[in-house]
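Residue numbers (the numbering used here), protein chains in the order written: chain A, 1 to 492; chain B, 1 to 492; chain C, 1 to 492; chain D, 1 to 492.
Heads up, some of the hints might be wrong.
As the list claims (entries may be wrong) - Far from chain A by the CB rule (all over 10 Å, computed), these chain D residues: (1) 31; (2) 41; (3) 44; (4) 204; (5) 252; (6) 263; (7) 267; (8) 327; (9) 336; (10) 351; (11) 388; (12) 393; (13) 448; (14) 463; (15) 466; (16) 492.
As the list claims (entries may be wrong) - With a straight-line cut-off of 30 Å between C-alpha atoms, the simulated DSBU-like cross-links for lysine-lysine are: (17) 382(C) / 382(B); (18) 50(A) / 163(A); (19) 448(D) / 229(C); (20) 350(B) / 448(B); (21) 163(C) / 486(D); (22) 486(A) / 448(B); (23) 468(A) / 350(D); (24) 116(B) / 382(C); (25) 229(B) / 486(A); (26) 350(D) / 468(C); (27) 338(A) / 229(A); (28) 468(B) / 350(C); (29) 338(B) / 468(A); (30) 163(B) / 486(A); (31) 468(A) / 486(A); (32) 448(B) / 229(A); (33) 116(C) / 382(B); (34) 448(D) / 448(C); (35) 338(C) / 448(D); (36) 116(A) / 382(D); (37) 163(D) / 486(C).
It is worth saying that the hints were derived from the structure and are not from the lab. All C-beta atoms, glycine included, are put in the ideal place defined by N, C-alpha and C.
One letter stands for each residue in the lines below.
Protein chains: 4
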Amino acid sequence: MTSKVLASSSFRVADLSLAEAGRHQIRLAEHEMPGLMALREEFGPTQPLKGARITGSLHMTVQTAVLIETLVDLGAQVRWASCNIFSTQDEAAAAIAVGPTGTPEAPAGVPVFAWKGETLEEYWWCTDRIFDWSVEAAEAGADWIGPNLILDDGGDATLLVHKGREFELAGAVPATTAADSHEYGVILDLLRQTVAETPTRWQTVAAELIGVTEETTTGVHRLYELFAKNELLFPAINVNDSVTKSKFDNKYGIRHSLTDGINRATDVLMGGKVAFVCGYGDVGKGSAEALRGQGARVIISEIDPICALQAAMDGYQVTTIESVLDQVDIFVTTTGNKNVITLEHMQGMKHNAIVSNVGHFDNEIDMAGLESLPGATRVEIKPQVHEWIMPNGRSILVLSEGRLMNLGNATGHPSFVMSNSFTNQVLAQIELYVRRENYPVGVFVLPKHLDEKVARLHLDALGVVLTKLSTEQASYIGVPVEGPYKVDHYRY
Amino acid sequence: MTSKVLASSSFRVADLSLAEAGRHQIRLAEHEMPGLMALREEFGPTQPLKGARITGSLHMTVQTAVLIETLVDLGAQVRWASCNIFSTQDEAAAAIAVGPTGTPEAPAGVPVFAWKGETLEEYWWCTDRIFDWSVEAAEAGADWIGPNLILDDGGDATLLVHKGREFELAGAVPATTAADSHEYGVILDLLRQTVAETPTRWQTVAAELIGVTEETTTGVHRLYELFAKNELLFPAINVNDSVTKSKFDNKYGIRHSLTDGINRATDVLMGGKVAFVCGYGDVGKGSAEALRGQGARVIISEIDPICALQAAMDGYQVTTIESVLDQVDIFVTTTGNKNVITLEHMQGMKHNAIVSNVGHFDNEIDMAGLESLPGATRVEIKPQVHEWIMPNGRSILVLSEGRLMNLGNATGHPSFVMSNSFTNQVLAQIELYVRRENYPVGVFVLPKHLDEKVARLHLDALGVVLTKLSTEQASYIGVPVEGPYKVDHYRY
Amino acid sequence: MTSKVLASSSFRVADLSLAEAGRHQIRLAEHEMPGLMALREEFGPTQPLKGARITGSLHMTVQTAVLIETLVDLGAQVRWASCNIFSTQDEAAAAIAVGPTGTPEAPAGVPVFAWKGETLEEYWWCTDRIFDWSVEAAEAGADWIGPNLILDDGGDATLLVHKGREFELAGAVPATTAADSHEYGVILDLLRQTVAETPTRWQTVAAELIGVTEETTTGVHRLYELFAKNELLFPAINVNDSVTKSKFDNKYGIRHSLTDGINRATDVLMGGKVAFVCGYGDVGKGSAEALRGQGARVIISEIDPICALQAAMDGYQVTTIESVLDQVDIFVTTTGNKNVITLEHMQGMKHNAIVSNVGHFDNEIDMAGLESLPGATRVEIKPQVHEWIMPNGRSILVLSEGRLMNLGNATGHPSFVMSNSFTNQVLAQIELYVRRENYPVGVFVLPKHLDEKVARLHLDALGVVLTKLSTEQASYIGVPVEGPYKVDHYRY
Amino acid sequence: MTSKVLASSSFRVADLSLAEAGRHQIRLAEHEMPGLMALREEFGPTQPLKGARITGSLHMTVQTAVLIETLVDLGAQVRWASCNIFSTQDEAAAAIAVGPTGTPEAPAGVPVFAWKGETLEEYWWCTDRIFDWSVEAAEAGADWIGPNLILDDGGDATLLVHKGREFELAGAVPATTAADSHEYGVILDLLRQTVAETPTRWQTVAAELIGVTEETTTGVHRLYELFAKNELLFPAINVNDSVTKSKFDNKYGIRHSLTDGINRATDVLMGGKVAFVCGYGDVGKGSAEALRGQGARVIISEIDPICALQAAMDGYQVTTIESVLDQVDIFVTTTGNKNVITLEHMQGMKHNAIVSNVGHFDNEIDMAGLESLPGATRVEIKPQVHEWIMPNGRSILVLSEGRLMNLGNATGHPSFVMSNSFTNQVLAQIELYVRRENYPVGVFVLPKHLDEKVARLHLDALGVVLTKLSTEQASYIGVPVEGPYKVDHYRY
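So here's chain A without its partners, still in its complex pose:
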């Protein structure tokens, strides 16, 4: 077992005393993740994931540690990497490598390939590592070489399999061109190496895979595209669109972490300030609510007339960023689009305006433009907080270099929110593994009764008492007493 731990810890998690700190945090997080703990209680005895080999690519945080140990508790074998170069909490990685019953000296955990602050080369090396199950196969005397399930966040693990197989079948990995992003070049380099070593590796991996469960909007979007182009190789469960995922994580998670991030980054009083939230989807709704809850005056921009009308009905001013640029103290992007805040916008802002993103990629704010603006100077106030002194003499404060500030300046979604998301993940893994015959190649959402189950597992912790339908009432409205209670298109 040592070798597995070394595989990760030999890199950067060398200080194994981290593991103990991580274990403390995991213990506290378990209390805030009642859904996962309930699954351990319900499914631990029957081991539904026995035989499952799960390759996980998802932010290696304390909450993910509770997810991983839940998967293990249900019988799975797991290898893990983070899905973001900055998002690993090293103490969580260390604790998960050591394992709940292990010690730093006698580790008994899960092979984890993740540390805070990876390079892109390191990141994709890690992602490659979670597909190499040769140690486990050897231990088991088995001939498989990869996982049978992927648990993905953003789709990088899924991408690697698809691209690897594609290039293997094409006979060669294409040359990197000037038009390729740096990251795509790194991926091509990696695949060139794997193809050279094992020319059919990704074909074998793809063949072994029962399916993938995907966490995010972006990853899901990629999956639907692959499926539409008839290129998807295995079934996928879209965990993102469970109600208890997207409506909770996006709205209530961000309500928690947005103001937390602003506080930790700047200590600025939000009360009385003007905050501008780009986008009024679920993330925008949660952002606006949090800012209003701190006494800020919130202005919204929207492209979608329905969301714009919702924002107005919720009492917010809705207008374009240009029309109020010089009145705003705090900017937040929540759109998932690009260039939502442009370089021109930034040059028109108030002195010391705060600029931050909780949407998706860092291109939501034109960071590239800012970085190449002649005469702009960047001063690090503290890590993840930079003052940009603009040529006009005014400064703006950019959080997390334009990346997700709720991760970079705060600690991301809190455990309770992640418990909802991850309980969906575990149920989706079970669903794919146990009822695989129900899932042809395609993209599926979890059946509503499981979505409701996720919610149900989180009620006790909040002291919520559900009302029970009588048989007569259930029949009157035409639903089973035990649910599901709503039509599929119900919007909540």
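Take the given structure of chain A and dock chains B, C and D to it, following the hints.
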């Protein structure tokens, strides 16, 4: 034209001076219904509803008057009845009968069969009348006998056609049995008479119908059931599930009218009181928000764990009605289910607790049980507000006799909300009429671009300025610049 | 006793069947006025107001009826008039005249001189009547001619005594001049008549008076002015500045009645609309909260930088009315100042903007200017709601002709709020009557322990459970266990 | 000048590179402290504090650094210590020692005696040092030995003068007894030493003092007590009771820092949780608002019926801590009293309940009882966050060891709030120094026009535009056009 007006006005709208009052209110309502006014401007010139004969069954209020006149403005002929025995505003009915350009002496309006306080017999007589287009046919020298479109609310008009045709084909209307409700007996009586007079009337009517657009959850539910049983006779557009209908009317409409109704009924301070809201769907969400906005402490009950979790995350206590029965000052049911407040509940309430329903039918509260409770006394405080002195000596205040108090004690959804709903209705009528080839028998929701259009038509009035996607941004997120912007299952 | 009732009822309350309706409402109001009911229970047995002859001038509403009957229950004799020509609820007046134990045929109530819609001449005649205790004196065989206590709202009763005495001593009532307001002319006419009849009447009345308790800011302001000029004739208790009066009635009362008034007047959806509140004192704070609670976007204007900063910290935009004139849908004045909304403002408003006042006098909005604007037309939509069609073709909707719309379009403060105010009034009357030796001529607020008592008497009804200080804790923070708990300048 | 810096830096601020980090933060804080910056602009040229020697005892934070540099900018000489052993931000202390124009190598700042984590002995040594102006006197060739003004927070500096003088006059410092707290023993030890060295030192210091300006409720309370006992030695300005201090710092400051502290300490989702706030004064009001803004359900306890009624009217449940002990996830004390959360309470709490204090001393929670509870185990999760495993097996999480968690787990009040408080401080120092003849021995609040000035200086930064009274309006309501606008007892 006189005859049409007489058809309605000869009943109860005799005092034609009402028409002038109604006209004033219609003029003010038009200002609050920008969606409908925009449709008049956009479509008035091209008359897309020319040739449409619309049978409308929907609360005959001032707002409906603006809807009716919009349909007429787009070229349609219209006959109208209310869909509820209490919901007619007589001045609106009078004004619509007189018509915008007519006078009481020279009416030029729409045949309307509706007055406040119909008996069930009168109600179904009115519903029958809107299917009799013989006057119009005679005027036009045409041989049709019925409408080609239904605009329905709750499905009563649709029901009449289906039942009439069914019994015609069966050769006889079944005898009324003891198990039938009083209302069903009234319907059977009516159909017995029509079958006797014109044995194939409803078959002809059904054959002439292009389709129906349905306003409410209940009506839509009936349509899906008919379709599932393969009994639906014509295409139906489910207007209720447009986002700009269900998420606006249910949530923002009730936020307006719930507290309005409590105020008009009781003048009781809500601040500091404990309010109990049964159900946290859209209506429950709007109710809770309104009550909290007045300083009440709101407790929620729910059967659906997802909605229950939402309520908790929004900061409400969630528990059963039984557990807090004696602490609650104001009860509100929002569920659409029955016996949500039982007789036993009512007997355990605080003295002078207020009991009200904004869900669906009056059986949401066990009014029948209350009315037959030995020793209970009913005192009318004022119309639609009754004190029930219970055998235990305590009183409860029941609003609108358990029926929808936002209609009975207040004035229902305000014009702006109805403008959203009714703009969907008009677009749905146009869609069915103009693009009928796209709609086989089935139940459809409006395409998202029309839902977005409804929202768009209401933004200017609120001073909302939309942000426009650049071509590059639209392409980046994979949507057209002009929308639609979201996948169909997006939950808003 | 008949004669007393006739004194009032012979005027307009002729329809004594009103009394029964009023009695119903009084009974419901008693439930919402726990403070007054608790005083009846506490003080009824000891009759602390035995011998008190109270002249009351305060809106003759259902709530005031509960106040009056509480005073009577504590031993007082009472005569009553309204303090506003429009504010009387006739059924309340009728019921109070009949009395709780009387019947229309055998009335046993309090002489009340008030009806809805008095002329100014009638109003001041009524005010004169409540100072004429000759019937009661005759019945008692006593030689007093007036009250020994005044309960005043706005100071009209107090004014009449002061002016009457002043003119008696001056030997003549001055001639009415062109500069005098119409109302002042009416007062002078009345006093001319009383001086002619009984030249020392007001001197005697003033001499008999132990003091006055005053309800409102305006009345209190007059009292402080009189005292500063050394002209105050008797002690006064400033009830207005009890915390449980000014911070409750102004803030929570208006939160209730502002949106109620807008709803009843216009049925306009407030959600999504822009509302402009002039002033962020207690009334402005309550107004803004109510409007926000309905989903409106609220903008504030303020002259006081402290209140302006509070508004900003509470998340509202704060600016001048001029700068947003054409964006606002609903205007509310709450200042007590004049010309807060000018004619120029009204001419710059959006079409169908709603203009209303919950501050003090109708001159808060320049109604006089509007009424004399050439080319402006006034259309009555319904009583208390007028459309003014401006020369520019746009309309504005003026509520209650610029007077207090929470009274004119709604029903004023709800019972529970008035219970707080009136419990202060009763305690103040007792304080003046029983502990008169503590009160020299001057203006006093109630001691804090009584203010706290008022609050305490309203907690049970809301299910509030107080925490009790231990002796040790009380000593640690240096307050008595039973209160008062705060220093006098504490701001709550 | 080196010697001054050494006086402080020789202790713990040895790492002078801290100064640069502190300077950055000061520069950002200046942007958020518009009141202080406006005072520099207004008063810098006239140097009203020239000749003032200010001894300051107040948390040595970044915001205090801006205060200190404002005082210096207005002409004052300053010596500074913190008023709390934990509250110093070392980088702020370093920067202030180095000075805005100095460098670590050539410091040009203010003598500052403060570092994070002082012992009580060190704390009082620091407090003593700020009264020793011998270096400055020597430099100036003057014969004074102490300050002529104190700027105090909590009253420790004032206490030292009073006690020192008292014991000097008594001829001896009393012996420490068993009943004395450890801290009082430290004070006695210190004074024993100073009396031994300079027997008349504190008498001289007291005689030189023009007065003190006091920041906090507690300090003000001590001052009123001293004055009541006729023991106050010099005038005092009660800065705490400026509206722009107590109503802003207590309410809006805590609204910011309470949730910030909970987040940094625990990362727990507050949404859906039950939070219990002990006390509904200004701090309680701000706490409740912040928690509700994050979606928590808030329950309040109160001893004062008025505040309890306010809490109910604001929609909160109000009850005793005992009655909901096992339902609460987060406890917050805000009372300033002791034993508000008892050992018994803690033993009845839910597993992992969070226990925190933002009131005053750490005895608000019975930490002493907890620390001596047999069988209770303390585990440090991270600094200022401790899990206490109770004998019953459940844990509670205690923040900041029961001390002010908004300081210990967060960064205290944000700059903008402190700008209000400190602008009051500077105006109070000017008032005492420039208009000393207006202030006999006693405790005074700042005149209202200065309170309004403080607010006024913070409006521009928030984009607030004040409305101006016309002369006519000002006269109508009887206030000067430029203010003050309210009577002294106005409650805001």
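Non-conforming hints, listed in increasing numerical order: Result: hints 1, 5, 6, 7, 8, 10, 14 and 20 break, sorted rising.
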